[in-house]
Amino acid sequence: MLDASSTNRRPRGVRFLIAVMLTAAALAAPSPADAAVSRAELALRWAPIHYQDVDATGSHALSGQSDYVTRVDFDGDLDGRNNWDRAGQAGAALAAHVYYSVVETSTHWYITYFFFHPRDWTDHPFFETEHENDGEGALFAIERDGSTYGVLRSAVTVAHSDFFSYTPTGSTWTSGGESIDGTLRFQASPHDTFQHPVTAQEAQGHGLKAHPQYDINGDGLVYYPSTSAETPSNGNDRDVRYQLIDIFATGGLWAQRSNASLFASLGTFAGDTSGDCGVGTWSCSANSANAPWGWDDGNDAPARGEIASDPAKLAAAYFTVPSGLARAYSYNPYAGAAAALAEAARTAPPTVD
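Using this note's numbering, count along the sequence shown one by one with no gaps and you end on 572.
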């Protein structure tokens with residue numbers, strides 16, 4: 220930059236013209252509010268308000284803490300085979316986190332939300348198993364209609380080894396290869412200005428559906444999407460903020476998919492029968508919880524894991540979409556492991572949870 224004594228200063232008229240041009244350019248440039256939304260912002264916008272039923276009865280309930288959602292490494296490590304025991308230790312950090320992944324086509328965003336519990340448990344001995352780790356979730360399809368966040372058209376939720384499909388009121392999507400199981404409702408959050416979709420999980424086994432197909436029965440937690448993570452004050456806390464974690468983050472859950480301490484196989488968490496898992500109940504099963512790329516409804520056409528890795532295929536199979544669905548992805552990190560995922564879908568035992 221030239222100082223005031225420089226002999227190479229531009230004439231006053233030229234300086235004025237440049238100033239006018241720069242001002243016009245600044246006015247024409249998009250403001251941050253007009254800029255393209257990030258995937259993290261998109262995931263936060265559509266993250267569900269989540270009702271979690273809580274059962275505090277029985278020793279495996281941990282006074283209700285077995286129904287708290289948290290992160291896979293809540294205990295400070297990525298060992299899937301110690302989570303049952305660590306959840307029961309004094310001072311276990313069960314701050315609320317929910318995982319997400321976003322994949323994109325030219326017509327839609329697809330957001331997968333993954334809810335993790337250290338225990339899938341039961342408090343009676345009759346014909347029900349429990350297991351270490353638990354993973355259920357939901358897929359939301361967002362139409363890219365030109366608005367900042369798009370418009371939510373459908374949801375498919377995971378309840379153990381079954382999928383359930385929903386559309387919000389006014390959606391243009393209708394039943395396709397699968398019948399729509401209900402309406403996805405919305406609710407205002409006290410922590411932002413948005414109406415969010417509402418989901419719910421049952422206690423113990425943690426199957427996930429649209430609220431109120433599952434609901435709180437007595438004690439329960441209401442989780443709200445946020446940029447911070449809170450630990451419930453007790454098993455009947457109706458305002459708990461959860462923080463999102465990107466599955467595709469550097470060193471994140473997807474990057475750990477071959478970590479043998481965390482995963483027994485591609486898409487299936489490692490979990491053993493140590494501790495008191497199965498004591499006083501029917502049994503405890505090993506390696507029985509799944510990440511999104513291991514979710515499967517064996518009675519439906521999409522293959523194992525495609526709810527996350529090829530959601531456009533699942534959407535086309537489940538729904539009739541009048542505006543059409545692009546099937547080529549402009550962003551899909553799962554695609555880099557397509558061959559391994561296809562082999563897992565072909566050879567893996569039936570998904571159980």
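Treat the hints with care, as some may be off.
Unchecked claim - Calculated pairs, SDA-like style, for lysine to any residue (alpha carbon to alpha carbon, straight line, at most 25 Å):
| id | residue 1 | residue 2 |
| --- | --- | --- |
| 1 | K532 | T450 |
| 2 | K532 | D519 |
| 3 | K532 | H316 |
| 4 | K532 | A522 |
Said to hold, decoys possible - Label pairs and their in silico Cβ distance ranges:
| id | residue 1 | residue 2 | range |
| --- | --- | --- | --- |
| 5 | R363 | G396 | 21 to 27 Å |
| 6 | A520 | Q475 | 38 to 44 Å |
| 7 | R363 | A479 | 35 to 41 Å |
| 8 | R565 | D381 | 34 to 40 Å |
| 9 | P568 | E449 | 26 to 32 Å |
| 10 | E449 | G471 | 17 to 23 Å |
| 11 | K532 | A505 | 27 to 33 Å |
| 12 | T276 | Y368 | 23 to 29 Å |
| 13 | T402 | G295 | 39 to 45 Å |
| 14 | H343 | N455 | 33 to 39 Å |
| 15 | T391 | Y550 | 21 to 27 Å |
| 16 | A259 | T402 | 25 to 31 Å |
| 17 | D381 | A559 | 23 to 29 Å |
| 18 | D434 | F413 | 31 to 37 Å |
Bear in mind the hints are in silico, worked out from the structure with no lab data behind them. Note that beta-carbon positions come from the ideal geometry of N, C-alpha and C, so glycine has one too.
To see whether the hints hold, each was checked on the structure:
1. Only pairs whose Cα atoms come within 25 Å are accepted, and K532 paired with T450 is rejected, the gap being roughly 37 Å.
2. Of the pairs offered as hints, the one joining K532 and D519 holds, with about 12 Å between alpha carbons and a cut-off of 25 Å not exceeded.
3. Distance hint between K532 and H316 is unfulfilled; the C-alpha atoms sit about 28 Å from each other, more than 25 Å.
4. This hinted pair checks out: K532 and A522 have alpha carbons roughly 10 Å apart, not beyond 25 Å.
5. Between R363 and G396 the beta carbons are some 23 Å apart, a value that agrees with the proposed interval 21 to 27 Å.
6. For the pair A520 and Q475, the supplied restraint of 38 to 44 Å is violated, since their beta-carbon distance comes to about 29 Å.
7. A C-beta distance of roughly 39 Å is found between R363 and A479, which places it inside the suggested range of 35 to 41 Å.
8. Between R565 and D381 the C-beta distance comes to about 21 Å, which lies outside the given range of 34 to 40 Å.
9. Our hint of 26 to 32 Å for P568 and E449 is violated, since their Cβ atoms are close to 37 Å apart.
10. The beta-carbon spacing between E449 and G471, approximately 21 Å, falls within the hinted interval of 17 to 23 Å.
11. Separation of K532 from A505 is about 31 Å and conforms to the stated range, judged on CB atoms against 27 to 33 Å.
12. For the pair T276 and Y368, the supplied restraint of 23 to 29 Å is violated, since their beta-carbon distance comes to about 41 Å.
13. About 41 Å separates the C-beta atoms of T402 and G295, a value consistent with the hinted range of 39 to 45 Å.
14. The given range of 33 to 39 Å is broken by H343 and N455, whose C-beta atoms sit roughly 22 Å from each other.
15. In this structure the hint that T391 and Y550 lie 21 to 27 Å apart at CB holds, the actual value being about 24 Å.
16. Range check, A259 to T402: Cβ separation about 28 Å, and the 25 to 31 Å hint holds.
17. Look at D381 against A559: about 25 Å separates their beta carbons, and that is inside 23 to 29 Å.
18. Restraint check, D434 to F413: a C-beta distance of roughly 22 Å breaks the suggested window 31 to 37 Å.
Violated hints, listed in ascending order, are 1, 3, 6, 8, 9, 12, 14 and 18; each of the other numbered hints is respected by the structure.
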